[in-house]
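**Q** With chain D's structure known, arrange chains H and B on it following the hints.
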Amino acid sequence: MPSNTRPDQQHFVAPLEETPLVAIDKVKAEGKPTNLWTDAWADVRGRPMFWISSALIVLVVIVALFPGLFTQVPPNNDCQLSNSNGGPADGHPLGFTKQGCDIYSRIIHGTSTSLSVGIIVTVLVAVLGITFGAFAGFYGGWIDSVLSRLGDIFFSIPYILAAVVIMSVFSKYANVWVISLAIGIFAWPATARVLRAEILRVKNADYVMAATALGVSRFRILLRHVLPNSIAPVIVITTISLASAIVAEATLSFLGVGLPSSTMSWGNDISAAQLDLRTAPQVLILPSIALSITVLSFIMLGEVVRDALDPKARARR
Amino acid sequence: MTDTTKATESAVRRDGSERPILEIKNLEVGFNTQNGLVKAVDGVNITLYRGQSLAIVGESGSGKSTTAHAIINLLPGTGQVTGGQILLDGQDLTKASKKEMEVVRGRKIGFVPQDPMSNLNPVWSIGFQVEEAIKANGIATGRKEIKKRAIEVLKQAGLQDADRRLKQFPHQFSGGMRQRVLIGMGLAADPQLLIADEPTSALDVTVQRVILDHLESLTRELGTTLLFITHDLGLAAERAEQLVVMYKGRVVESGPSVEILQNPQHPYTQRLVAAAPSLASRRIQATGSIAAAEAAMQSDAETAAGDEIDLLATAEARAELLAAAESAPPAITVEHLTKVYKIRGAGDFTAVDDVSFQIPKGTTMALVGESGSGKSTVAKMLLKLEDATSGKIVVGGQDLASVTGKQLFDLRSRMQPVFQDPYGSLNPLRNIGNTISEPLSTHGVGDRASRRERVFELLDQVSLPRTLVGRYPNELSGGQRQRIAIARALALKPEIVVLDEAVSALDVLVQAQILRLLADLQGELGLTYLFITHDLAVVRVIADHVSVMQRGRIVEAATTDEVFENPRQQYTQDLLAAIPGANIELGA
Amino acid sequence: MAGYIARRLLQAIPVLLGTTFLIYFMVFAMPGDPIVALFGDKTPPPQVLEQLRERYNLDQPFIVQYFIFLGNIFRGDLGTSFSGQPVSEILAETFPVTLRLALMAVIIEMVFGIAVGLISGLRKGGIFDASALVVSLILISLPVFVVAFVAQFIFGIQLGWFRTTVGPGAPTQDLILPAIVLATISFAQITRLTRASVIETDGQDFVRTAASKGLSRSRIVPVHILRNSLIPVVTYLAVDFGVLMVGATVTEGIFNVPGVGRTLYQAIIRGEGPTVVSFVTVMVLIYLVVNLLVDLLYAVLDPRIRYAK
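Chains D, H and B, in that order, are what the protein sequence lines are. First residue of the first sequence? That's 1 in my numbering, and the numbers climb one at a time after it. First residue of the second sequence? That's 1 in my numbering, and the numbers climb one at a time after it. First residue of the third sequence? That's 1 in my numbering, and the numbers climb one at a time after it.
Keep in mind the hints are simulated off the structure, nothing from the lab. None of these values were measured; they are calculated from a predicted model.
In silico EDC-like pairs for lysine to aspartate or glutamate, Cα to Cα no more than 20 Å straight-line:
id	chain 1	residue 1	chain 2	residue 2
1	H	K342	D	D144
2	D	K28	H	E475
3	B	K124	B	E200
4	H	K248	D	E17
Isolated chain D (complex conformation) (with noise of 0.2 Å):
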């Protein structure tokens, strides 16, 4: 073999300098300490889509919490049939729906609804899906297969239709915690999966098998070891789960088996202007500007959190 060597493949060795040896395996840790969180922060916080998201979401908790802030026109009883449809006036600046109410007194006053509906969906869908997703995921066998047929049930049936087939009975009792209520009982199955799925895989890390073989308690591994490395994609999917129930609520009062007409709503409005669609478009289309960008602002964020948060997306950037 050696005689296969030509000449200018002899023996040679870098000069020590040129690659100086360094320590192996050298502990390089410096500056701050940081885990998924840190890292997730640091990077989302470099994003102007996260910071404008925030601040519109900020804006419109705001609005829900304190519309007397925004305007002294009550949205109900100061309408007068003579403003109609009408435009722009002194005090009322986007002008009048067809009831002659102030559409930016009923825009401003309609926040909170469209934001509780939002916020009390949300919370029962992570609690449900949280719920059955963990014990599912993570207790397998027979628990999971229970609990997974039932997600599927309720996943087989799309939350619009199943809230309105709810609404349709309860229509007699219907406010923000009933079709909050209505739509989030059939919205869970999605989280409850994505949660699952994800501790299915964390379930087998080899830290978990460590923690059995310490003696630590089934219930204290779930809680410490595998939920928190588990929880990440149900922020995303939460955050944009808001967005949805927004929109739902929005989508069941423009059916009419939403909120009563007493109540402020967007939807409600939109559902109201739409047969003078031709003549007044814009007491349509302005309630339907607040609600897009209240639902836009969500879906930005759950858009930023999921870059942050899925080192597959963060890959895809």
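**A** For chains H and B alone, kept in the frame of chain D given last:
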């Protein structure tokens, strides 16, 4: 230029001297990152002549794969060649257009990738993927001809029933078979140069050997020049006449393999030679027994000089220990252990079949076997992470089957595991301090302050700085994570540590370091190890007794020296022969 | 493959029983008179109430009622609407229109969604990608009725390109605008999904290996990248169908398309609870069947499932 066959006049330079088929001059490759351009390859020179075989050796991150990918211009992500030349038969590939590169790939340079599991498209049949390569390179035309060539290529690669399996999909093939398909694809267009990037690292050793033998004879037969990339120095030296050792993006040493192995000059190469388990076990073999290892070390003083990680030293230190431990009572007794899994629709699967062994206190027993041999299942049953179907495990006088509740909880503190995957062994959301002290808090040992003290002590024991307590696993390397895992395992001062492929995923130097650490800890703390591994070479360095497992059964059990010097079973002999570098004359 | 189909069919049975039971339970297991509750604040004529009580066998134990209800469905007896026409007859009339509309929407959203997603994914980080992101985020945020009204106003009323409401017999050219509106709901999702999938596939080892064989990019993109990326997009079709059903209800209502959706829409608006229940039940059954078909399609696309035991 389009139709160059192998022995053409272009192999000669204008001045009459022989022209290398591949000449890499001062190659620089950089990756664009947030912190600017990071150089992964920095001034690499490689010269390769027709019919030769050359291996690039290095650890992960040394730039060896990047160099290979640069040659065929398929650098991942933001990678780009930032300087130098890659001359293939005189044509500078760094300046080649997209179209020109397409001609080069497949037809002039074949490529065999690393992981057989991910390199075949799961949705297309094997035949489709081979035929596509043949068609793209214009090797054959017409449906029938192409199919004929595909069968020929696959048969050549060692797939005897190729005509029958053409319609099958990748997931219906075993890892070894897929690797044969990939080799077949790489050679489909009869290229002049074949680049093989760690072609067998993902396979079991015995399969690895068969595939490498086949690749070697095939390239020799076809007259293909071979460039292959590996992390295993023993393997490189055994399979290639020329060696290029890379470190941190640079070539530190190159030349004829045997010469480099026998007389490594650069300190880094010396480190590698000293740390390679395959070579260490070979050297122990060459000198007769472990007891003679010290002598070998001294005669080999140049190699070992200033080197804290020589595996021979590790083996030697352990040899002394063994003499003292020989008469100790067993720490673990396993009798007729069996585990049967019920598989839906497929009947029973016996993962562990009537396994019996004893491990004397303070010694190491290695359980060796290939994937699917049942060795990890034994570990899980021992740790009571799974229940045995039948048989008995006695630990410290207690029958595992009968312990429950509080007794089991106490028993767990005496027996701790370290697992394989350094990236999965630590909870990424808990800091190092909390990870190491979890055993203490779980078992209610001491108060907050004393636990903190113990964490520091453990960090010292595994030679990591105390400042790591507030850090998270993602900031540590694989080797450092395994140290943390060891520290966690030692926190409760156990008597037994179960090491399930604990060093298998690590680079050789780091692996050698951890092996040394394990040996030292055993001496210091009187630990009993059950060392589970697929790598027989490592066993030589660390274990006192070896049990070889095959398909759930122990086929051979003896002291390490006996197994290495006088293997009784064919299977053990095959495993030994498959240790890369087993055929190298080290000249010691 | 046969085993896979059999397993899927078996799994569908408990879900089928569960969903129908759930719907029935929601409506008829409530305290008070469920028939009266179904009409909300409206008071139906007494003979209608009587007829419904008889039909739903409210004097029987609940579980018996459910099985009679289930039996009726499988016999194709879905009750009658308030106008006296059998629901099954209405379905037979309206279903073809909705099917046409839905097919148009699916084709539009798939063609454009996949095309935009593919280009975005292949040119990740470029201007096209960034614009596609902005457009899809906005589209995701717009509720379908808002899109429908805006489209109706701009293209129907202002520009006059399309009729604002669909004419009798639902001619295809009249369905274009509603179909586009319906397609916008999922277009953005499909774009995002395709993009993510394309980027992931493009980074796979087998794509590099394909290139190393000497294949040109113009072959690798369709054969190795797009083909593999379509698998998750196809599974989205199942979810999409649920979205389409709700979307069709709103869109058909707004554009007055004489389909299943409008019928449901009008039943909801008029508070015809029993008709709503019948329609929703049928839709859920169709949804289950579509899910089953998508699962099978998935197996066709992915040999790993096709050949699994």
